[in-house]
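K.L.:
Each residue of the sequence shown is one higher than the one before, counting from 1 in full-length UniProt numbering.
No lab work stands behind these hints: they were computed from the structure. Among the hints, a few may not be true.
[To be verified] Label pairs and their in silico Cβ distance ranges: (1) R210 / R120: 48 to 54 Å; (2) H107 / K177: 16 to 22 Å; (3) N14 / H107: 32 to 38 Å; (4) K177 / L138: 33 to 39 Å; (5) R273 / G202: 49 to 55 Å; (6) S139 / D119: 35 to 41 Å.
[Unchecked claim] Within a straight-line C-alpha distance of at most 25 Å, the following computed DSS-like cross-link-like pairs (lysine-lysine) qualify: (7) K244 / K287; (8) K286 / K260; (9) K18 / K28; (10) K42 / K17; (11) K245 / K177; (12) K244 / K262; (13) K42 / K26; (14) K278 / K262.
For glycine and all other residues, C-beta sits at the position ideal for the given N, C-alpha and C.
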Amino acid sequence: MDVSVIIVNYNTCNLVKKCVASIFEKTKNVSFEVIVVDNNSKDGSVEAIIDEFPRVRVFPLKENIGFGKANNIGVKHAKGRFVFFLNSDTFLLNDAISILVNYLDTHESVVLCGGQLFDRERKPTGSYIEYPDLRFFLSLVLRGSVFYKDLPIFPEGEIPYYISGADMMMRKSFIEKYGAFDPDFFMYYEDTELSYRVQSLGFGVHFVPRAHIVHLHDMSPKERGPIISTLDLYVIQSRYLYLKKVMGDVVMKSLLLLHKIKAFIAIGYFVIRRNNEKIENWKKIKKLLFSISG
Numbered sequence: 001m002d003v004s005v006i007i008v009n010y011n012t013c014n015l016v017k018k019c020v021a022s023i024f025e026k027t028k029n030v031s032f033e034v035i036v037v038d039n040n041s042k043d044g045s046v047e048a049i050i051d052e053f054p055r056v057r058v059f060p061l062k063e064n065i066g067f068g069k070a071n072n073i074g075v076k077h078a079k080g081r082f083v084f085f086l087n088s089d090t091f092l093l094n095d096a097i098s099i100l101v102n103y104l105d106t107h108e109s110v111v112l113c114g115g116q117l118f119d120r121e122r123k124p125t126g127s128y129i130e131y132p133d134l135r136f137f138l139s140l141v142l143r144g145s146v147f148y149k150d151l152p153i154f155p156e157g158e159i160p161y162y163i164s165g166a167d168m169m170m171r172k173s174f175i176e177k178y179g180a181f182d183p184d185f186f187m188y189y190e191d192t193e194l195s196y197r198v199q200s201l202g203f204g205v206h207f208v209p210r211a212h213i214v215h216l217h218d219m220s221p222k223e224r225g226p227i228i229s230t231l232d233l234y235v236i237q238s239r240y241l242y243l244k245k246v247m248g249d250v251v252m253k254s255l256l257l258l259h260k261i262k263a264f265i266a267i268g269y270f271v272i273r274r275n276n277e278k279i280e281n282w283k284k285i286k287k288l289l290f291s292i293s294g
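Model the full structure from these sequences, guided by the hints.
P.N.:
Laid out in structure tokens, this is it:
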């Protein structure tokens, strides 16, 4: 078996069906299997996949254990020489899987690569992303936003950035030795940490723009509203976990302290302004910040 395609699903029934259908339609030149790990969806995803795609191996979980852990469960069942992590809100435009397999076969020192992502309008989108540095995190804490600069367009080959977790192909032999996603991350930043770990071990991260994949960027649980969402809180939580693992305790604790101080100031400010929505947002953030272990 050449490649095991692993898709984590959480309440994205229609999207995951489109994703799986594109795999069977476009993949022609390699042997493959499709594994769907379902994070306790309530939208009939499991039944629909089993009914429409009998070749797919489906592993339903009793609870939502997060993106990274669910992918790691898929790895345990994978039979392929390579593992292809693919988001449920993607679909293939060409034989991307064969292209990535062939790239790894002809570049034996490469352990991780990804293709060219496109948005729903078929415009190129974030296939690779710059690693967040200290300025990035300071800007987020102090300003609440960050300026994303345009990255250079790289040809095929090694890049100094991390590959989007929407599509990552890896050698199974590397995963067996060094692991895949860090299970400490529930969601967000797990792809950043994985690429960072690969490069820290002396291996390159490669971009293969001939592999074309649409990434719709549709959030799985659509919870967004006027009050800060669970997804936003996961981002903050994973941000500090990444900081601790990559930049160390001192940097993480210093930024965490700054963020706590900002939370107190923000709550006081919005109490004066009588902005109840902002007060609730910052109370949620403050509660999360004080729950993060230094």
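K.L.:
A separate judgement is required for each hint: does it hold in the structure or not?
P.N.:
Now for the hints, and whether the structure bears them out:
Against the hinted window of 48 to 54 Å, the Cβ-Cβ separation of R210 and R120 comes to about 21 Å, which falls outside the hint. For the pair H107 and K177, the beta carbons lie near 18 Å from each other, so the given range of 16 to 22 Å is met. Look at N14 against H107: about 36 Å separates their beta carbons, and that is inside 32 to 38 Å. A hinted range of 33 to 39 Å for the beta carbons of K177 and L138 is consistent with their spacing of about 35 Å.
Checked against the hint of 49 to 55 Å, the pair R273 and G202 passes, with Cβ atoms roughly 52 Å apart. The beta-carbon spacing between S139 and D119, approximately 25 Å, falls outside the hinted interval of 35 to 41 Å. Taken as a hint, the K244 and K287 pair is honoured in the structure, with Cα atoms around 19 Å apart against an allowance of 25 Å. Proximity of K286 to K260 is assessed by CA-CA distance (about 6 Å); at most 25 Å being required, the pair is judged to hold.
Straight-line distance between C-alpha atoms of K18 and K28 comes to about 17 Å, which keeps the hinted pair within the 25 Å bound. The suggested pairing of K42 with K17 holds, with an alpha-carbon distance near 15 Å, which does not exceed 25 Å. Simply put, K245 and K177 have alpha-carbon atoms about 19 Å apart, close enough for the 25 Å limit, and the pair holds. For the hint linking K244 to K262, the alpha-carbon distance of about 20 Å falls within 25 Å, and the restraint holds.
For a cut-off of 25 Å, the pair hint linking K42 to K26 is broken: about 29 Å separates their Cα positions. Of the supplied pair hints, the one linking K278 and K262 holds, its CA atoms being roughly 13 Å apart against a limit of 25 Å.
Hints 1, 6 and 13, counting from the list given before, are not met by this structure.
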